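Starting from the given sequences, assemble the full structure and let the hints guide the process.
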Amino acid sequence: MNRYITLVLFLVLVVGGGILIGTGNIPGEWYAALDKPWFNPPNWLFGPAWTVLYVLIAIAGWRTWERNRGGRAMKIWWGQLALNFLWSPIFFTAHAIGASLAIILALLLTIVAFIALTWNRDRVAALLFVPYAAWVAFATALNASIWWLN
311 MNRYITLVLF LVLVVGGGIL IGTGNIPGEW YAALDKPWFN PPNWLFGPAW TVLYVLIAIA
371 GWRTWERNRG GRAMKIWWGQ LALNFLWSPI FFTAHAIGAS LAIILALLLT IVAFIALTWN
431 RDRVAALLFV PYAAWVAFAT ALNASIWWLN
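Just so we're aligned, residue 311 is where the sequence shown starts under this note's numbering, counting upward by one.
To be clear, the hints were calculated from the coordinates, so they are not data collected in a lab.
Bear in mind the structure is a predicted one, so any value in this text is a computation, not a measurement.
There could be a bad hint or two in this list.
[Unchecked claim] Derived Cβ-Cβ restraints for the label pairs, each shown as a range: (1) 323 to 419: 20 to 28 Å; (2) 336 to 316: 28 to 36 Å; (3) 376 to 405: 36 to 44 Å; (4) 348 to 319: 40 to 48 Å; (5) 385 to 362: 18 to 26 Å; (6) 447 to 337: 19 to 27 Å; (7) 340 to 388: 25 to 33 Å; (8) 412 to 362: 24 to 32 Å.
We put the beta carbon where it would ideally sit given N, CA and C, even for glycine.
As structure tokens, this is what we get:
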């Protein structure tokens, strides 16, 4: 039973943290006024996409925690979460497009590192991060394009 309590805690931390970060750093008028590339998705897509991704991130983190709490993969998992939660305040609140690009590039690298580290030990955890990697690669291209256009 304890392991499922841990899963709930991971879900609360990641999904709850993501919701708090998202609602505390809304795009607003500044973002609306920026030049954006043709592939910029509608704003309504970000909330549902991130909610699903946060659930996947939490489950992967929980699986990794259950396997080896102090291991390298878990450290990488915590690092990606910190970078993930850092991006929105830097981009949407500080309006630092270049700094947020550096953060999201580091985030993408940590996601790929997590996948590589868990691929042979816990394929499920690795696969849970594949949609996350795809979305963050897309978000990196979007961030880079916004930086270039503005």
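Checked hints:
1. 323 to 419: 20 to 28 Å: Hint holds: Cβ distance 22 Å, inside 20 to 28 Å.
2. 336 to 316: 28 to 36 Å: At 31 Å between Cβs, range holds.
3. 376 to 405: 36 to 44 Å: For residue 376 and residue 405 the Cβ distance comes to about 40 Å; the hint holds.
4. 348 to 319: 40 to 48 Å: holds, 41 Å
5. 385 to 362: 18 to 26 Å: holds, 25 Å
6. 447 to 337: 19 to 27 Å: Because 21 Å falls inside the window, the suggested range holds.
7. 340 to 388: 25 to 33 Å: Since residue 340 and residue 388 have Cβ atoms about 30 Å apart, the given range 25 to 33 Å holds.
8. 412 to 362: 24 to 32 Å: For residue 412 and residue 362 the Cβ distance comes to about 26 Å; the hint holds.
Against the hints set out earlier in the document, no violation occurs for any number.
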